[in-house]
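In case you want the letters, here they are:
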Amino acid sequence: MKTRRDIFQAMADPTRRAILTLVALQAMTPGAIADKFDSSRQTISKHIQILTECQLLKQEESGREIYYHFNPKKMKEIADFIEPFRKMWDDRFNKLETIMKKSS
Amino acid sequence: MEQKTKINAADGKQDLLITREFDLPLELLFKAYAEPEFVEEWMSNPYSTTKLLKQESKKHGSWQLESTDAKGNVVFRANGVIHEFIPNKKITRTFEMENTPFGVQLEIYEFEQLTNDTSKLTMHVIYESVEQRDQVLKLPFAQGINMAHNRLQDIIVRQFKIIYHDKEK
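Quick mapping for you: the protein sequence lines, in order, are chains U and B.
Sequential numbering from 1 applies to the first sequence in the working numbering.
Sequential numbering from 1 applies to the second sequence in the working numbering.
Incorrect hints may have been included.
No more than 20 Å apart at the CA atoms, straight line, and that leaves these computed lysine to any residue pairs for SDA-like [to be verified]: (1) U/K102 x B/N45; (2) B/K120 x B/V130; (3) U/K102 x B/S67.
Just a few of them, taken from the derived set where beta-carbon distance is under 8 Å, the chain B residues facing chain U [stated by the list, open to error]: (4) T5; (5) I7; (6) I18; (7) L24; (8) L28; (9) K31.
What the hints contain is simulated information worked out from the structure, not anything from laboratory work.
The beta-carbon is built from N, C-alpha and C at its ideal position, and this holds for glycine as well.
Given only the sequences and the hints, what does the whole structure look like? Please build it.
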């Protein structure tokens, strides 16, 4: 199945990163989030929607309000995305080290 | 634990920095890059064998390497031009993976002595665009899913061989 939203694409936008930073500090309503930005509520709402689709944000109802929470589990995936690349080089360099040690 | 290999890829930039400290004297570290037989050895892995088709370690020299799988199929070919080749100090070259959309990369390798037995490599890679850099960074991430699958197959095959071996004894 093809995922509708690319998590890396979601993170590439500076406004969306700012929203994540805000919500990471405390759960917020869409209105409270929009108040922090100069952009229109519609624009911010679209950004929130994308972040929610990527599961970087989670919705929770509290009375009549909807609060957005930060999902740290999903964030861990982002933090780790460079890890396979680092691991690939680390493996290569370990091999280089072993081979050169033998040759000395 | 302190990681020996570090990657620094700043957000929205089209370059990256790979640094690694080696338990090797500077001369040996440089040799690993300068002598074809060593390059071929450390660039090969259980899935593919790497051969240098060309390696002219000098200014305006060019290089080309090729990796083949166990059946001899070419799985990877890359080439480039050498701009600077200063023994035990620096190599500047271009890198182009053939038949891929990743463009031409500029690679600057700097070799440093730390102590008599340790050295450091700094690899600065500059891509044509932010998008190309990010694509290359994500390659092993995407392949990781495949690799995990392959590794699982490997384990199954190995276990099968052990069982087979035991029966023969």
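Going down the list of hints, with the structure as the test:
1. U/K102 x B/N45: 17 Å, holds
2. B/K120 x B/V130: 27 Å, violated
3. U/K102 x B/S67: Violated. U/K102 to B/S67 sits at ~24 Å, over the 20 Å cutoff.
4. T5: 4 Å, holds
5. I7: Holds, about 5 Å.
6. I18: Holds, because the Cβ-Cβ distance from B/I18 to chain U comes to roughly 6 Å (cut-off 8 Å).
7. L24: It holds, given that the least Cβ distance between B/L24 and chain U is near 5 Å, below 8 Å.
8. L28: The hint holds - B/L28 has a Cβ within 8 Å of chain U, the shortest such distance being about 5 Å.
9. K31: 7 Å, holds
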